[in-house]
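Top line first, the protein sequences correspond to chains A and B.
To convert, note that position 41 of the first sequence is 41 in the numbering used here; the numbers rise steadily by one, no gaps.
To convert, note that position 292 of the second sequence is 292 in the numbering used here; the numbers rise steadily by one, no gaps.
By construction, these hints were calculated from the structure, which means they are not laboratory data.
The structure displayed is predicted, hence computed values, not measured ones.
All C-beta atoms in this analysis are idealised placements derived from N, C-alpha and C, irrespective of residue type, glycine included.
Incorrect hints may appear among the rest.
Sample of chain A residues with no beta-carbon within 10 Å of chain B, all distances over it, derived [said to hold, decoys possible]: (1) Thr45; (2) Arg79; (3) Ala82; (4) His93; (5) His135; (6) Arg152; (7) Gln186; (8) Ile209.
Below are the SDA-like pairs computed for lysine to any residue, each with C-alpha atoms no more than 20 Å apart in a straight line [to be verified]: (9) B:Lys9 with A:Gly134; (10) B:Lys9 with A:Leu133; (11) B:Lys9 with B:Leu20; (12) B:Lys15 with A:Thr73; (13) B:Lys281 with A:Ser138; (14) B:Lys15 with A:Pro96; (15) B:Lys281 with A:Tyr97; (16) B:Lys86 with B:Lys129; (17) B:Lys9 with A:Pro96; (18) B:Lys222 with B:Ala88; (19) B:Lys9 with A:Gln30; (20) A:Lys19 with B:Arg379; (21) A:Lys113 with B:Ile3; (22) B:Lys281 with A:Gly134; (23) B:Lys281 with A:Pro96; (24) B:Lys9 with A:Arg77; (25) B:Lys281 with A:Lys19; (26) A:Lys19 with B:Lys222; (27) A:Lys113 with B:Asn96; (28) B:Lys15 with A:Ser138; (29) B:Lys281 with A:Thr99; (30) B:Lys222 with B:Gln90; (31) B:Lys15 with A:Glu139; (32) A:Lys113 with B:Ala88; (33) B:Lys129 with B:Asn96; (34) B:Lys9 with A:Asn174; (35) B:Lys155 with B:Asn91; (36) B:Lys281 with A:Gly16; (37) B:Lys9 with A:Pro137; (38) B:Lys86 with B:Lys222; (39) A:Lys84 with B:Glu43; (40) A:Lys113 with A:Glu83.
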Amino acid sequence: MLILQDLTKTYRTRAGEVKALDGVSLQIDQGAFAAVCGPSGSGKTTLLMMIAAMLRPSGGMVRFEDRDVYEMTGPARARFRAEKIGFVFQMFHLVPYLTVLENVLLAAAVVRKRDGRAQAQELLQRLGLQHRLGHRPSELSAGEKQRTAIARALLNQPKLILADEPTGNLDPENARCVLRHLQDFQRDGGTVIVATHGPAAQEFATRTISLREGRLA
Amino acid sequence: MYILRMIFKELWHRKINFLLAVLAVTTAVAFLVAFFTASQASERETARLMLSMGYNLHIIAKDADIGGFLMTGIPDKTMPEAYLQKLAAQNSISYNHLLALLEGKTQYRGMDILLTGLAPEVCPPGQQKQAMTFSVAPGTAYVGYRLAEGLAIHKGDIIDLGGRKLKVERCLAESGGLDDMRLQCSLQDAQAILGLPGRISAIQAVDCLCFEKGDPVAMLRKEIGSILPEAQVFQVKALASARAKQRQMIRNIFAVMLPFVITACGVWIGVLAIMNVRDRKPEIGLLRALGYNTANVMLLFLGKALLVGLLGAAAGFLLGTELGLQFGPGVFEITAKTMLRPELSLFVRACILAPLFAVVASFIPTIIAVTYDPATTLREE
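Only chain B is shown next, with the shape it has when bound in the complex (with noise of 0.2 Å):
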């Protein structure tokens, strides 16, 4: 208890030092604070890039000729429905958000339509998450631009297609590209209308291999090809390598930067604390004398490094989180300010760290304090 106290009192005495030991923990916690922020934003903004972007992984039946699909974008083979479950149930596996989806060319009063069916999103277990795309119910369909304008179809219209009727729930907006003249419903209502009970053409996915060392195809295909030997995997590349790319760049420039803070922050914690430690030489040869064991002196000075961690934690989140809310953006190019917000898991991390961080920067300061000898301390004086 005495300890303590006196621990408060002293701080209150050496402001100075007090206060530059916990700048430099403010510093360090609040360069990690800013970078996670901005880190996490960024990644969250290249998850809704990606999703505006579509899938990036392509599954289709091994027999499907792969000219016509690269060529087309539609598989001339399908496979069995049961390939999604067979995905789905793997555990540690390097992709998400798995779709299936039947598609097929046919017509609505005389107009070449691309009918797509599409299952709802399923995520592998303990993996998920908010689906990238919209599911249509079974009984409505969603219509695409150019077919709502050719056709003159409007939301609430009932549209009978090879004998199964379908309520236009929404006409899409003009994309400009082969959505406009493709007619979406669900996969059930997609195979009774291609006479295709069962199955599917397709399994779109997001990988997760940004991370990894290798050619992620290869080891997609060698992953995927091990649990649906009857499929192939195309790799959408320009839409994985932009995302790896972006994480990597995040990456790197942590892992130079890391080290180096938390050096310049450690030393800087342990000049100060051996500063202090000088200038506090005869109280230790006096506390010594009075009978004060090993363990008391050395509370003393970790318990100083414990407070100032705390203390530099709570500001170093607060100054991150505002530096990363305000500079964030620029650094890390984040154009949706919404998706910056205070990491708040970051705190309890940073209160937990950095008096872990602060003692054991002032632990060898504190090993020369107990090892003053009373006896030369006192008689310097």
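Here chain A stands alone, though its shape is the one from the complex (with noise of 0.2 Å):
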């Protein structure tokens, strides 16, 4: 489903080259729920911006579906990630001035889904969030913003879940509860990418992949 192969990322900097990703060749399986795991600043964010084709390798290639995302043009890329890939990161990115439903809304406003409000309504409800449907981002707890990212992430019904860090703001139990949810969708044959530098994705993931200085380790 997804293969990366080769992939190299290089940032100039005033101190000259740092290669962020060094010769990163990997295969992931529809269904797998891979925990990229390696501490910061080991290229984890930078190779999920690669998956999410929002982020031009120095070298290599990104194939999925037999696809070369970035042979594709700017706006094909666009409409790729509206359809195919669903985004949780650490921060939740929840528009502040948006309800929880219309932030869930977001997703489906740029693939012009017909359907959409009652499907975010009907996953906030399996994401317990039936009653903040109304609420701004401030208004929620960590948790709960997390939990409403996940609802726009899957609203799409898409073929990949890329979850950069979605733990890192929540307590334990808050964490476990996101998992579950990420792999609720991979049992239902979505595919989950998770980068985290915890063990607590370790525990859901069937796979794990390690870096380290831009290798894979």
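Reassemble the complex: the two chains are provided individually, in unrelated frames, and hints are given to aid placement.
So this is what it looks like as structure tokens:
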């Protein structure tokens, strides 16, 4: 389903070139729950952004369902992200002036999903947020914010969810709750890739990928 | 549709930023509206003053004695009445309010009088304006104050002058000048009384060269000379220059203030837009991650600018009109407040130009927003 071939990313800084990723090759099958582990600065987020078609590699290739994502045009990549990928971030990235329901519907608006509202309400109910539909992010707990982000990631029924440190700002109980929801998605046939430097995600993972200084360890 | 909803929600969420941006547009629009409202009133008053002061352009026969004309105000030679139609038929000319008259001294019941025959005022094509002076119907007369007093003439009396009977329509108030000895009638009546059929002694007009550079008299002489080679032109400079001076003053103030106000308000909106874009970096990154394209993100920011412009236009029009009405008389030395009125045409212009202005001022920040790298933006958090 997802093939990364000799992925390299080099950043130019004043101090010289920094290699964030250095020749990473791997294959992740559909239905996998992969935990990308490694210390800060090991290249986890860079790897996720490249898989998400948001960061062009300096070298190598990202193939998703037999298509090289960086051979697509800009608008096609945006469409690809909207339809195939769901995102969950450590900082939740909820729009502060929209309600919980509106935040989830942000994902539906871009693909013009017809029954988006009903599906969003159903998802939020499943995630235990039915009483929070009209609330703003500032009125939610950290766990509720992350569950809202998961609902947003799930709404367009993506093939792949990319989660960058999704439990980084959560207490252990909420962290397990979030990971369980991601596991539910995986058990329904979806693919999950979680970047983490904590041990919690590894308990749920069907596969662990370790990164050290931009290389597979 | 969703973008529009987001624009409104964001405006409400960041009220201060929004209100400050609206205030910037309001300030620019209010300045322009107040200025135009007051300057239009000033122009109207100038026109009214000019009306009361009379015509500033005199066209007389080429062979008329200039010295005599300057001393008496009456040319000693006449010219064909057809000159009036010839002048009035011209397009794109620098004068208006054409009035043909025939003047001559005569006697009535042993008293010297100045007989003035007036043709109805005409305007060149496409420049129709309200007449600056009254017209006298054939068979009627307006009698100057001294004549009426000295000869005991009253309204409704019949005057027999050179075999022509004229009914007194009005006896005029005292002017303290030559008008007190004037008997005004229609041009046809004057031509018959003075025995000068088809002739006029002068054409009076108002010139419109206030903004032109160079010597306006020379320009008028050149322009009119090409149409009427058998005529000469005199401009009453005191009237013309007072009018030109006032208009030029308005123009100068406007020319200095306008770029300053527009630039200041444009920078103000631009800075606010940049602050807004910086505040919303994570939001922009998220939208790009979710698949929103460049056009969607641009619409989010330029749509907001459009709304800011529209609201600023409405508020600025109301504020500017009020300021113009309140302070215009002081700034522009307008004595007749009846000349001041809201300029509704400015509202339409403001509603078109202010949103455009806000969009232009927000354009660079919008470009910054769409060029943010979503990967970097999302990672920064």
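Subject >> Violating hint indices (sorted, rising) >> reply: 1, 2, 3, 4, 6, 12, 19, 22, 24, 25, 26, 27, 32, 34, 35, 36 and 39
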